[in-house]
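Trainee: Respectively, the protein sequence lines represent chains A and B.
Start counting the first sequence at 7; every next residue gets the next number (our numbering).
Start counting the second sequence at 634; every next residue gets the next number (our numbering).
Check the hints yourself; a few may be wrong.
Said to hold, decoys possible - Straight line, CA to CA, 27 Å or less: simulated BS3-like cross-link-like pairs of lysine-lysine: (1) B:Lys833 with A:Lys422; (2) B:Lys833 with A:Lys410; (3) B:Lys833 with A:Lys371; (4) A:Lys240 with A:Lys204; (5) A:Lys399 with B:Lys833; (6) B:Lys833 with A:Lys359; (7) B:Lys789 with A:Lys445; (8) A:Lys445 with A:Lys469; (9) B:Lys833 with A:Lys442.
It is worth saying that the hints were derived from the structure and are not from the lab.
What follows is each chain in one-letter form.
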Amino acid sequence: MSSSDLLAGGVAAAPADVSAQPVLQLEHVTKRFGGATALNDVSFDLLPGEIHGLVGENGAGKSTLMKILSGVHSPDEGEIILGGESVTFASPKDAKAHGVGMIYQELSCMQQLSIAENVFLGRHLTGPGGVIAWGRMQQEAREHLAELGLNVDVTAQLGTLSLGNQQLGEIARTVFSGAHIVVLDEPTSALSGPEAEKLFEAMANLKTRGRSLIFISHFLEDVLAVSDRVTVLKNSRKVATLPREGLTKHRLIELMIGRDADQLAESYEEGIQLPPRSDAATVLDIDSISSTGAYEDVTFSVKAGEIVGIFGNLGAGMTEVARTLFGQTVAEQGRIALDGAPVAPRTTSQAKKLGIAYLSENRRKTLFPRHEIFKNISLAHLDTLLGPIVQQKREIEIADDLVKRTGTRPANPLLKAGNLSGGNQQKVVLAKWLTKTPKVLILNEPTRGMDVGAKREVLDLVKTLKNEGVAILLLSTEPETVMAESDRVLVMSRGRITREFAGERVSKDLLMEWA
Amino acid sequence: MATQAPAQPASSGGAISWASRNARLLAPLLTLLVMVIFFSLTTDVFLTVPNLQNVVTQIAPIAVAATGITFVLLCAEIDLSIASVSTLTGVLAAWFFVGDTVALGNWGIPAALIVAALCGLINGFLSAYIGIPSFMATLAMLTIARGMSVYVSGGKPIFEVPPFLKAIGSVGNQVFGIPVIGLVALGVLLIGEFVLSYTKFGRYVYMTGANREAAEMSGVNTRQIVMMSLVISALTAGLTGLLFIGRLSSANPSAGEDILISTIAAVVLGGTSLFGGEGGIRNTILGLLIFGVLSNGLNLLPNIPITFKQALQGIVLLAALLLNVFALRLERVNTKRE
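The shape of chain A in the complex, shown without the other chains (with noise of 0.2 Å):
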């Protein structure tokens, strides 16, 4: 399942010398947004030669660090030291020129272009009179790249390479644009077990060049395979600087979830107790699915007015298994059951006909910002509500009794929804499936983003589905949302489910254990 077992000890095998001058340092940085504290008096230094693991919850403050060191925020209190010298970063451009390169989740390169010309991005060699030196700029790139470990052809299209390679090419760009610390965020993310070794060997590479790596990540056994040291984040404030030597995975959760008597009811971190397995009729019945480079041997069931819950880290292929039984993919392998009858829905609309609503977890995908609330209520069931005219005064009452039913606010199904809040907005989105009862509701992600009562809000709706007997999926990163009403939980990764939770207690340390 991780490649720690592989890689131990074998590629980090020189620890970065301790005692050497930090080539940065944070000084009790403090990054408020509003009201909130995004960063609290956080300090934290990166050594010679070091791959410094950074790891904690959703929320906890990495993404906020992450964006100081690259010079999208400026801290509002505290200060960078980035070679013994105080800097400060006024925009993600001036970071680079200080040296510090970003390599995001998002690659950024340019899939049309060939390799080489991504490797010298923006910054062509050129000879006499401007033209590009084509030559020198092939031959520079093939040397940057072998070092790293990747012999390919730099003439052929960067998109022609998986996704792995594409990535030990951004980070080439990056390196010899001059980068001597690199931020990895969530590199492995969406990596096979191979690939994830050739960028870790490329990573114990740059490191033996003196090049400083921060390594971000939810994959706490890819963190523990390469860093030589892991800052923990909780609640925007550090936990602790470890040495790799000695810390293990059950360790770092405890880090991450800590233990205040405070938080208890919101982390869920003493576990819950999930209910007997229902014995009631199976409506959704998956049977090993698999999609090539998605998922592999998916099988779970949903009873009728079951919510079960799957929690996985981004990239375990949760979304996959969605938009296949959505209809927008089509699984190579397997047997997808509906009330006992096989379906495989090619499209959307087939699959709505057969009682499958999906939620998706991007709000942009879902919503229609420039059009009213009750067109954007009414879409997804015009013909079953209204017949094939469509009757605006029955349209605007049905949407009036569901805005209110979700409790929107504001309760005016002729606003434009592209005025509503973020939570509000995901309330319409939610009352598009509510016009006619489902049989299965997929939600991906149903609550990110969302304040602790708008979050409440649309749970309890979620849960009123269940209770008319609805089969519910609940695909969530957030073990809080999984664990919140679930009656079964399942764990995803890479892929796989690795384990399902039933009339047992279930953890929030348990869950990051298995995904």
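Please arrange chain B on chain A, whose structure you already have, making use of the hints.
Mentor: This is chain B only, laid out in the frame that chain A set:
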């Protein structure tokens, strides 16, 4: 666009806010009023019954094709083949009627329309299911349809057309003073308005254009919607071709290419977005009237050299488009503030 006003809450009242919310209709309406007033004052002829009948007869064939392409633009697609498909349909109807090779008589009219629908089906299939951008797919169809009308007719105009079409197309043929051809166009526009504003399909067209992914996520078969819109557009283009040969009493394979620009210009002038999801037949009607009044009125103006007319028409159209853009910016700012 079809939101019924009475249900609007009083809280957001005020004439300015109302105007900004309806900017997409008011801006072209203002342009039209200014033009009508201007030409009424500067020429003696503009505001006479025969001249207005003339305006109607001139824009009627374009209005039919404009109805169809409104569907396509609302879907955020484009159909460049309308002019060629229109010409091909006209030529085929006349060719079948003459019957040197295939004699269908009046049945040639529905047969020609079926060919038009087929062109649309191919456009739609290529862009919705194969993934060729509609710009390219319909550009290819433009060439194919144009080539086919030349091939079928041997490159020469056909001077015999079904009398039925002649009767519809003739300017003298009027009901209560309105040319029949104008009534046909009005009928098509009203059907278009009904379908777009009051049917499920129409709503799907708007939502597909507004956010294709979100429509897909709501279980709308967006590919089907895009394909159907292109079929509708080809069908109305075919109808336009029939009206043209009726009006001219002949089918000319090398005529009618300017329909494309006139039609799209009229629809966009009316305020329908080229990016989909916003606008509609009401906008198209306004755009057609602006376009018709402008080309007619410029002809009547004394002291303008005939050679400068086309350039002047373009300049006025550009001004009208600028007005639309500014009006919509105002709308957007006001919606945000609410």
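Trainee: None of the hints should be skipped; say for each whether it holds.
Mentor: Comparing the hints with the structure gives:
The suggested pairing of lysine 833 of chain B with lysine 422 of chain A holds, with an alpha-carbon distance near 20 Å, which does not exceed 27 Å. Taken as a hint, the lysine 833 of chain B and lysine 410 of chain A pair is honoured in the structure, with Cα atoms around 24 Å apart against an allowance of 27 Å. Restraint check for lysine 833 of chain B and lysine 371 of chain A: satisfied, since their Cα atoms lie roughly 21 Å apart, inside the 27 Å limit. At roughly 30 Å between alpha-carbon atoms, lysine 240 of chain A and lysine 204 of chain A are farther apart than 27 Å, so this suggested pair is violated.
With a CA separation close to 15 Å, the supplied pair lysine 399 of chain A and lysine 833 of chain B stays within the 27 Å bound. Of the supplied pair hints, the one linking lysine 833 of chain B and lysine 359 of chain A holds, its CA atoms being roughly 16 Å apart against a limit of 27 Å. Only pairs whose Cα atoms come within 27 Å are accepted, and lysine 789 of chain B paired with lysine 445 of chain A is rejected, the gap being roughly 63 Å. Taken as a hint, the lysine 445 of chain A and lysine 469 of chain A pair is honoured in the structure, with Cα atoms around 14 Å apart against an allowance of 27 Å.
The suggested pairing of lysine 833 of chain B with lysine 442 of chain A holds, with an alpha-carbon distance near 16 Å, which does not exceed 27 Å.
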